[in-house]
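Take these sequences, add in the hints, and give me the full structure.
Chains V and B, in that order, are what the protein sequence lines are. For reference, each letter of the first sequence is one residue, going 1 to 192 in the working numbering. For reference, each letter of the second sequence is one residue, going 1 to 192 in the working numbering.
If you're looking for bench data, these hints aren't it; they were derived computationally from the structure. Since this is a predicted model, take the numbers as computed values, not measurements. One thing to keep in mind: the hints can contain errors.
The list cannot tell twin chains apart, which means a pair is met if one copy fits it or any two copies do.
Said to hold, decoys possible - Straight-line alpha carbon distances no greater than 20 Å define the calculated SDA-like cross-link-like pairs of lysine to any residue that follow:
id, residue 1, residue 2
1, LYS16, LEU88
2, LYS112, TYR186
3, LYS16, THR26
4, LYS36, PHE85
5, LYS64, ALA161
6, LYS36, GLY141
7, LYS16, TYR48
8, LYS112, PHE181
9, LYS36, ASP4
10, LYS36, TYR8
11, LYS64, GLU137
12, LYS36, GLU143
13, LYS112, ARG98
14, LYS36, PRO142
15, LYS16, GLU41
16, LYS170, GLY151
17, LYS16, LYS36
18, LYS36, GLU87
19, LYS170, THR78
20, LYS112, GLU182
21, LYS36, SER89
22, LYS36, GLN94
23, LYS112, ALA189
2 protein chains.
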Amino acid sequence: MSQDPSFYFPAPREQKFCSQCGTLNTNRLLEGDNRKRDVCEHCGAVHYQNPRLVVGTLPVWGDKVLLCLRAIEPRANTWTLPAGFMELSESMSQGAARETQEEAGANIVLGKLYTVIDIPQVDQVHVYFLAEALGPELDPGPETLEARWFGFDEIPWDNLAFRSVSTTLKHYIHDRSHEHFEMHHYSLAINR
Amino acid sequence: MSQDPSFYFPAPREQKFCSQCGTLNTNRLLEGDNRKRDVCEHCGAVHYQNPRLVVGTLPVWGDKVLLCLRAIEPRANTWTLPAGFMELSESMSQGAARETQEEAGANIVLGKLYTVIDIPQVDQVHVYFLAEALGPELDPGPETLEARWFGFDEIPWDNLAFRSVSTTLKHYIHDRSHEHFEMHHYSLAINR
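Listed below in structure tokens is the structure:
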């Protein structure tokens with residue numbers, strides 16, 4: 001019984017019913033724990049929730065960087081570096097390379113881990129790898145309206161999708177001018 | 001209706017029942033997706049699963065490093081650096097500091113992000129920060145049988161809890177001898 005694609009939605013964090021037996025959960029503090037969990041008093045399953053990793057790349061071809069115009073929410077019609085949620089059974093590098101293939105169809109060689117960005121208000125950590133393109137050819141997938149190479153003076157700063165994208169690009173432009181690329185770890189928390 | 005603590009267990013990854021309406025899920029490929037998900041055909045909730053972050057520290061006091069003897073499974077009765085699952089609403093640094101407080105009661109100043117370790121076979125990424133202790137006092141919590149300072153020539157290599165712990169310690173000992181601490185990113189995948 002498969003419905004129209006618009007019928008489906010990502011399940012929210014709150015786990016109202018037990019994933020193991022379908023009983024209504026209780027949100028409460030367990031003995032020895034320090035925060036409330038969604039707990040099943042019927043079978044005993046405790047539904048822990050943890051932040052998610054978003055993995056992506058900063059692909060460079062000569063003096064240009066690859067950006068993708070998002071076809072999907074959130075932030076449809078804004079430009080992003082290729083990135084997405086890390087999946088089970090993959091490393092961060094594999095996830096970043098997969099997302100670059102899926103969203104842009106770019107042929108890249110992955111470089112080193114470049115930015116690691118805490119965004120606690122959305123329970124995410126964003127991670128970007130440096131990447132070198134082997135050619136300018138692109139073949140964007142269904143989540144991308146357009147994939148395009150931008151000169152570093154052409155970046156659409158006013159229409160970027162996420163702060164993790166703009167800060168990663170700014171670090172890169174700075175480091176490129178100094179020919180020295182260090183890993184950057186920082187937080188985009190609202191209250192610091 | 002609160003049960004004996006041993007009644008409770010962490011819910012496995014497989015989401016048999018819908019978290020939003022309690023209906024039995026279907027495991028299937030959705031249109032436009034590239035892997036099977038636990039999908040509710042009644043309300044439309046899709047239950048994505050993602051790797052988890054484990055955050056911890058490598059606390060140093062002079063020429064000694066802090067290890068904790070685990071009171072709980074997995075790997076009870078083996079030594080670990082203080083670390084645990086990152087929680088919602090916190091940054092990696094906050095999680096690492098929290099775990100160090102909970103497991104060892106050590107008074108530390110957090111340093112920089114030091115190791116980032118992919119472990120795809122258990123769907124985890126482990127992250128360790130450098131840390132300096134402000135004093136040798138320790139006050140281990142219930143997940144720790146004993147917290148202790150070890151000289152770098154006293155580390156119980158044969159009884160460490162996880163490969164992410166032993167490799168992080170080895171990187172530190174090497175970098176300390178060269179007085180240069182770089183971030184290390186690597187994978188502990190079985191098949192590389």
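Checked hints:
Taking the shortest alpha-carbon separations for LYS16 and LEU88, only the inter-copy value of 17 Å comes in at or below 20 Å, while the best intra-copy value is 23 Å. Taking the shortest alpha-carbon separations for LYS112 and TYR186, both the intra-copy value of 17 Å and the inter-copy value of 10 Å come in at or below 20 Å. Within a single copy, LYS16 and THR26 get their C-alpha atoms as close as 8 Å, and across copies as close as 18 Å, so both meet the 20 Å cut-off. Proximity of LYS36 to PHE85 under the C-alpha cut-off of 20 Å is restricted to the inter-copy arrangement: shortest distance 15 Å between copies versus 26 Å within a copy.
In the homo-oligomer, the alpha carbons of LYS64 and ALA161 lie at most 20 Å apart inside one protomer (19 Å), although the nearest pairing across protomers, at 45 Å, exceeds that limit. Within a single copy, LYS36 and GLY141 get their C-alpha atoms only as close as 40 Å, which misses the 20 Å cut-off; across copies the closest is 19 Å, which meets it. Within a single copy, LYS16 and TYR48 get their C-alpha atoms as close as 13 Å, and across copies as close as 16 Å, so both meet the 20 Å cut-off. For a Cα distance limit of 20 Å, the shortest separation of LYS112 from PHE181 qualifies both inside one copy, at 9 Å, and across copies, at 17 Å.
Taking the shortest Cα distances, LYS36 and ASP4 sit within 20 Å of each other only across copies (17 Å), while inside one copy they are farther apart (36 Å). Taking the closest pair of Cα atoms, LYS36 and TYR8 come within 20 Å of each other only across two copies (14 Å); inside a single copy the shortest separation is 28 Å, beyond that limit. For a Cα distance limit of 20 Å, the shortest separation of LYS64 from GLU137 inside one copy, 13 Å, qualifies, whereas the shortest one across copies, 53 Å, does not. Proximity of LYS36 to GLU143 under the C-alpha cut-off of 20 Å is restricted to the inter-copy arrangement: shortest distance 18 Å between copies versus 36 Å within a copy.
In this assembly of identical chains, the alpha carbons of LYS112 and ARG98 lie at most 20 Å apart only when taken from the same copy (16 Å versus 29 Å across copies). Taking CA atoms no more than 20 Å apart as the test, LYS36 paired with PRO142 passes between copies only; the shortest distance there is 18 Å, against 39 Å inside one copy. Taking identical chains as interchangeable, the C-alpha atoms of LYS16 and GLU41 lie at most 20 Å apart whether they share a chain (13 Å) or sit on different chains (17 Å). Proximity of LYS170 to GLY151 under the C-alpha cut-off of 20 Å is restricted to the intra-copy arrangement: shortest distance 13 Å within a copy versus 42 Å between copies.
When the C-alpha separation of LYS16 and LYS36 is checked against a cutoff of 20 Å, the pair qualifies only within one copy, where the shortest distance is 13 Å, while the shortest distance between copies is 22 Å. Taking identical chains as interchangeable, the C-alpha atoms of LYS36 and GLU87 lie at most 20 Å apart only when they sit on different chains, with a minimum of 11 Å there against 26 Å within one chain. Proximity of LYS170 and THR78 under a CA criterion of 20 Å is satisfied intra-copy only: 17 Å inside one chain copy versus 44 Å between copies. Taking the shortest Cα distances, LYS112 and GLU182 sit within 20 Å of each other both inside one copy (9 Å) and across copies (13 Å).
In the homo-oligomer, the alpha carbons of LYS36 and SER89 lie at most 20 Å apart only across protomers (13 Å), although the nearest pairing inside one protomer, at 29 Å, exceeds that limit. Taking the closest pair of Cα atoms, LYS36 and GLN94 come within 20 Å of each other only across two copies (18 Å); inside a single copy the shortest separation is 34 Å, beyond that limit. Taking identical chains as interchangeable, the C-alpha atoms of LYS112 and ALA189 lie at most 20 Å apart only when they sit on different chains, with a minimum of 17 Å there against 25 Å within one chain.
Comparing the model with each earlier hint shows no violations; every hint is respected.
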